[in-house]
Amino acid sequence: MKFNVLLTGVGGEGVLLASAILARAANIEGYEVHGIQLHGLAQRGGSIPTYVRFGDKGGIYSPIIPRGGADLIIGLETIEAARSCYFADKKKTNFLIDTYTVVPVYANLSGVKYPSEKEVEKMIAPFAKSITIVDASRLTKEKLGSALYGNAMAFGVAIGKGLLPLKRKSLENAMAETIPRDMEKNLQAFKMGLEFRG
Amino acid sequence: MSNPDTMDVLQKAGKKVVLLGNEAVVRGALEAGMGFSASYPGTPSSEIGITLAAIADKAGFYCEWSTNEKTAFEACVGAAYCGVRALTAMKHFGMNVALDSILPVVYTGVKGGLVLVIADDPGGFSSAQSEQDVRYALRMGNLPTIEPSNAQECIEFTKLAFEISEKYETPVVLRTTTFVNHCLGSVKLGAMKKPRTQGRFEKNYERYYNIRPAIQKMHRAVLERLERIEKECAGKLNRVEGSAGGKKKVGIVAGGVCYEHVKELGLKDVKIAKIGMSYPISREFVVKFLKGLDEAIVVEELEPIIENFVKQVAKDVNLGLKVHGKDILPRVGEFSPDLIYERIAPVLGLKKKDWKEQEKLLAGIKIPPRKPVLCQGCPHRSTFYAVKKTLGENFVWAGDIGCYILGIYEPFKMQDFVISMGAGAGIAHGICKVSGQKPVVFMGDGTFFHAGMPAIANLVYNDSRPLLVIMDNGITAMTGHQPHAGMGKRAGGKDAPSIKIEEVLKGFGIKNIAIVNSFNQKQVQETVKEFAKKDELAVIISRGGCRLLAKREARRSGKDFPVFEIDQAKCTKCGECVMHFACPAILKKDNGTFMINPDLCWGCSVCGQICPARAIRAKVKTV
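Going down the list, the protein sequences come from chains A and B.
So that you can map any letter, position 148 of the first sequence is 149 in my numbering, and since no number is skipped, the others follow by simple counting.
So that you can map any letter, position 299 of the second sequence is 310 in my numbering, and since no number is skipped, the others follow by simple counting.
If we strip away everything but chain A, and leave its shape as in the complex, we get (with noise of 0.2 Å):
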């Protein structure tokens, strides 16, 4: 057993926790954890790409997901899921997206224009396997009050879709042990996840 995540987003999303949940989530359930968290120049506003790699022991060295290798890209960012295509394979990856977008200042300033939903799902389409959209992050800032709980419910999603080879109990465990404040919150998010359908 060998499972690649690419966790991906931008700078003040949540992505580092994210990536740091996961691989707790996979480290509860015995599995060897191989990942890259990567930190860029600036504090917000960044891409932050994650890697997190799980399976049986001695089966994977690199932290690094080998090329056109993810079987799941969770893109808590709609463009960042696209940014990420180097790592997918059509006969293997399954994307993960919320619709939460942050138009970066260089499309205005660049003139390259931020594509619509539907564009990204059809640049994407030729490297998945499948793709699931979700307005986790407009759905939790409704619901729970910020768009922030939208990790959580992508999460849900994940795993409430089989696109996550992981227990629910592992991630609500991982979630307890590592994000600071507003459990219940974002277990509620969670679960409005694991009851998506879409």
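By construction, these hints were calculated from the structure, which means they are not laboratory data.
Computed from a predicted structure; not experimentally measured.
None of the hints are false.
Stretches of chain B that chain A covers, calculated by requiring three or more beta carbons in the stretch to come under 8 Å of a beta carbon on chain A:
1) 187 to 199
2) 346 to 354
3) 588 to 599
All residues carry an ideal CB built from backbone N, CA and C; glycine is no exception.
Use these hints to put chain B onto chain A, whose structure you have.
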């Protein structure tokens, strides 16, 4: 700050947890009984100091953020001279700053273990300036160097570094690279040792007087010590795996994360030498490894350092032996298993993978770039905007290191060069002397204390007259908000004296000093206009707290925080807020209208001040 009670780095022996490479280094130090640590933040090494500061009280060792890497290293030397195990962590450029002291300490040696963690950054993920490989400098200094490959080894090698350091009485370097210090990895924790935090300096003429006539004797001792380390340790930190089969016998030599990349490829019939100690490298180990091989490939990022050594040795083993390295692998950028496979496949007689189809598809992905940016609400953005608005484009923008380095990007482009901490002022001085141009020097508060002061003293002493803008956001922000000497706080949040930048400048004899509020455009612009005309050195301290911290504080205390919105009836769609102020919270929509994303706005109010139509106003919102 994280709660030390729940931190994995402090969990019990025997537990299996996932740690970041840098956290694993800290755990290794705890298992080695380290009693003293001092660092200056620098990514990709920053989490070492951050973690140490968070747990120091609970774990019972001394921890500080020093004013720069040199003072940090020296503090650790003092502790190690007294017999206390000490650790300092720095990024590659940090080593350059400390090198002046590092080299002679190799001569005096140490009593307590002294470990320097030095983080290189192939690919430049976390740093600008250059892709330097510190291993050259470590050879210049005869510094034993070990390189972990993964998180577990970050623990084990840190412990080993302390042991080697104390046994041979030499500082030891634990060199990491970005994919090691920022790797996530499963680790099994060992037992922590109670730190010894107190010692005593014993005078010792023989040992510490590195001046003629002793200097040559000491140099000889350093070299003999290296020989002993090579004989007794270097082999133990290296190992051979697999065996070379097939028609052509090929061996691969790799250390650090490159070893993990090579293992990931699952190559058959290839012998692998894992190099754990990259200086000194065991000659005997390499000779033994090379025997019987037809070809060897050295896989290392950046410079051909192990490769050059292997090539030297190879001649003695078998003149026909072909050693590959930088002839097939790049000297630039970070490696991945894919890249390594692509480059070594021909040597191994393997077929390259065909990515043509994927390449074609990747070309179809058209999305805007996401370069690093100043945060929304950043006081630096306001200062950059005000300076440019007032002075136009005809000034030399002298840059420096800190969040304000991001002023190098569009639309500001207000760092004409970025060399090193404090170099903005240093280089501006030379420009003043020969060009008749007037540079504007941007310097952050952290840089001021790190290396800015000597450069400013030189401006005064040798009479240069640039406009110096000190961008004081009250903290070392870029590396994750570490305290500095001007803050009144030290590591772990304890109270400390606060050194006032303006008082230092007055002490230098600078007459023109103005303190302005970064978020007050009118005040900053008027002061810039007035001070740029001065025919003397003039300093504007643009003071405005890091908005990210203010926002966090507001969130924690549940207090009201303003967010701004655009009155569409008044907005003339001139685009000033996006094209010239470039706040990430402001968006130009497809229909040509502008809006402020309320989730991103941190209420700095500056867009409201710069809007020519006065179309932006505040509304109070709880965040």
